[in-house]
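Novice: Given next are the chains, with one letter for each unit.
2 protein chains.
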Amino acid sequence: MERNRRITLLRRPVGLPADEDFAVEEVPVPELAEGEALMRTTHLSIDPTVRTWISDARSYFPPVELGEVVRCPGAGVIVASRCGAYEEGDLVTSLPGWQEYSVVRDDVFTTKAPEGVTAEQLLGVVGQNGMAAHIGLLDVGRPEPGQTVVVSAAAGATGSIAAQIAKLKGCRVVGIAGTDEKCEWLTGELGLDAAINHRADGFAEALRAATPDRIDVYFDNVGGWILDAVLRRLAMHARVVLCGAISVYNEERKPPGPANYLELITQRARMEGFNTFDHWGRFEEIAAELAGWVADGRIRTRETVVEGLDRAPAALRMLFEGGNTGKLLVRVG
Amino acid sequence: MERNRRITLLRRPVGLPADEDFAVEEVPVPELAEGEALMRTTHLSIDPTVRTWISDARSYFPPVELGEVVRCPGAGVIVASRCGAYEEGDLVTSLPGWQEYSVVRDDVFTTKAPEGVTAEQLLGVVGQNGMAAHIGLLDVGRPEPGQTVVVSAAAGATGSIAAQIAKLKGCRVVGIAGTDEKCEWLTGELGLDAAINHRADGFAEALRAATPDRIDVYFDNVGGWILDAVLRRLAMHARVVLCGAISVYNEERKPPGPANYLELITQRARMEGFNTFDHWGRFEEIAAELAGWVADGRIRTRETVVEGLDRAPAALRMLFEGGNTGKLLVRVG
Numbered sequence: 000m001e002r003n004r005r006i007t008l009l010r011r012p013v014g015l016p017a018d019e020d021f022a023v024e025e026v027p028v029p030e031l032a033e034g035e036a037l038m039r040t041t042h043l044s045i046d047p048t049v050r051t052w053i054s055d056a057r058s059y060f061p062p063v064e065l066g067e068v069v070r071c072p073g074a075g076v077i078v079a080s081r082c083g084a085y086e087e088g089d090l091v092t093s094l095p096g097w098q099e100y101s102v103v104r105d106d107v108f109t110t111k112a113p114e115g116v117t118a119e120q121l122l123g124v125v126g127q128n129g130m131a132a133h134i135g136l137l138d139v140g141r142p143e144p145g146q147t148v149v150v151s152a153a154a155g156a157t158g159s160i161a162a163q164i165a166k167l168k169g170c171r172v173v174g175i176a177g178t179d180e181k182c183e184w185l186t187g188e189l190g191l192d193a194a195i196n197h198r199a200d201g202f203a204e205a206l207r208a209a210t211p212d213r214i215d216v217y218f219d220n221v222g223g224w225i226l227d228a229v230l231r232r233l234a235m236h237a238r239v240v241l242c243g244a245i246s247v248y249n250e251e252r253k254p255p256g257p258a259n260y261l262e263l264i265t266q267r268a269r270m271e272g273f274n275t276f277d278h279w280g281r282f283e284e285i286a287a288e289l290a291g292w293v294a295d296g297r298i299r300t301r302e303t304v305v306e307g308l309d310r311a312p313a314a315l316r317m318l319f320e321g322g323n324t325g326k327l328l329v330r331v332g
Numbered sequence: 000m001e002r003n004r005r006i007t008l009l010r011r012p013v014g015l016p017a018d019e020d021f022a023v024e025e026v027p028v029p030e031l032a033e034g035e036a037l038m039r040t041t042h043l044s045i046d047p048t049v050r051t052w053i054s055d056a057r058s059y060f061p062p063v064e065l066g067e068v069v070r071c072p073g074a075g076v077i078v079a080s081r082c083g084a085y086e087e088g089d090l091v092t093s094l095p096g097w098q099e100y101s102v103v104r105d106d107v108f109t110t111k112a113p114e115g116v117t118a119e120q121l122l123g124v125v126g127q128n129g130m131a132a133h134i135g136l137l138d139v140g141r142p143e144p145g146q147t148v149v150v151s152a153a154a155g156a157t158g159s160i161a162a163q164i165a166k167l168k169g170c171r172v173v174g175i176a177g178t179d180e181k182c183e184w185l186t187g188e189l190g191l192d193a194a195i196n197h198r199a200d201g202f203a204e205a206l207r208a209a210t211p212d213r214i215d216v217y218f219d220n221v222g223g224w225i226l227d228a229v230l231r232r233l234a235m236h237a238r239v240v241l242c243g244a245i246s247v248y249n250e251e252r253k254p255p256g257p258a259n260y261l262e263l264i265t266q267r268a269r270m271e272g273f274n275t276f277d278h279w280g281r282f283e284e285i286a287a288e289l290a291g292w293v294a295d296g297r298i299r300t301r302e303t304v305v306e307g308l309d310r311a312p313a314a315l316r317m318l319f320e321g322g323n324t325g326k327l328l329v330r331v332g
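Listed in order, the protein sequences are those of chains B and X.
332 is the number that numbering that gives the first Met the number 0 gives the last residue of the first sequence; the numbers go up by one with no jumps.
332 is the number that numbering that gives the first Met the number 0 gives the last residue of the second sequence; the numbers go up by one with no jumps.
Everything labelled a hint here was simulated from the structure, so no lab data went into it.
Heads up, a few of these hints could be off.
[What the hints assert, rightly or not] Only some residues are given here: those of chain B computed to face chain X with a beta carbon under 8 Å:
no.	residue
1	Tyr59
2	Phe60
3	Gln266
We treat Cβ as the ideally placed atom computed from N, Cα and C, and that holds for glycine.
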């Protein structure tokens, strides 16, 4: 009989998650009830949000409890179905968690891949990352042609798409990333107007030089001191789009907020959060637009792939250490 | 020959402004050029913003330089005119600064009082405070009937108006103030649904009890720990209106920002600053609406009046120590 290998949460990580925070188990593959289908996971999507789910912080989902499979988005193939929505062989994306087999239903968490879309794309550019980039940049940030858009974690899965959408909307786009190699990718292949390595000296001066007309839209994935520095460069009526804050998710004590938040008064500016799930009804339309931009080469993607389910904790650490360029995936054996 | 008594900035205050930070001078009353009129100040408006102007912080105005008259809004009477816009005897509001006589022009900083409006009202409910309350609450906060609105410094000049506008728009309104007497004024004469003394124990519990449906609009005049506490009580799609941050203006080192700002993501909420000067074209229309609400008793006001120009520094201290209820004015002898 087929076994299901899975990784559960053994204890809540303090700081960067360690292998010892998790347990690997083998359990029977679940039986299907009417209305359910069985998905065999091929790829897990390693996102900052997974770190918040395994903390005890309040979020849009309840925290993962100790002993539970680590919640995680992923893609895979339907291998058995008692649900009219899925047939054997369908490629789907869902929230399988860190395990080989999971039960899916015809619900908002599960999406069938459109024709010609790969698992990697389904988890990235036409999935959550693409949605977050599209909705966050265009609906919340509302950049106009000629305006200056700054994106942090710009070489990451979401940031790289947000930056490219801003470019194709006619904006001046400045990316912030953590290595010179990433910065070269941003200004080279992705065509950004400038890129700043936040680990190099002179960040504030580099930001000033790269944004002569100040900053109209800031798409923030990192929080922390970079957010504070950007707040000092806002243009009048600027929009700060809060997509995430990767710099704080590993902190045991909640770090101070942005000391420069009163720049929002001086610049009559706005800071706003969003959640892609609120825009569920537009996912298909947005995915089609993103797929079109990928097909005609206007959006380019990269993946960093870690091999093997058991290395999921290591992949999560890599994400916070900035080891990936573009989408970070675990390929499940 | 008539002399002009005035108060200039001698050195930048550290923390709460001291009398020794200012100098009292007597100089000749200025001569008028063509297009100018002479205003004799009767009332100065003591606002938190005066504290930011005498610091070296960037703001929507340049800092007051050492040796300059302290910039301050005020009201007074035209006593000589070479400007077609004003006649002797006109009651006007402008930015006279801490002095008896000042030159005004036909510009955006100077407004003639409409028929029947007093100097106190002109500086308060139909002036900057009323504008800030109306624009901040209705244009930025956009409360809907039945929603919960929380106002900090709710017994202050701007807060008390914002809270009353929210009431007359059909909202549940909770005021935050610093004494039990102020709280009684808020729930008594002003008709708020609840008021919380932030100096009493158990603030978080009191806030939770007063906002059973969480908080849709927070009109913030104070910043600091109260802002952080309110962020934890936001409803979905809440709006945090940044009107000011009286708790931080006396701090030498910039205090940390709101640690709970990521609640803006969890709640898909927004934090936004504004400046009434951006809405100059609507001042007359808004002032008329406010004057109507005052006339029919739907907005009630109080004033705390300090006698004598020389006591302007003491009045500024009183503002930060919460000594005033409603509008704080200096009557210029």
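Novice: Please flag the earlier hints that this structure goes against, numbers listed from lowest up.
Specialist: 2
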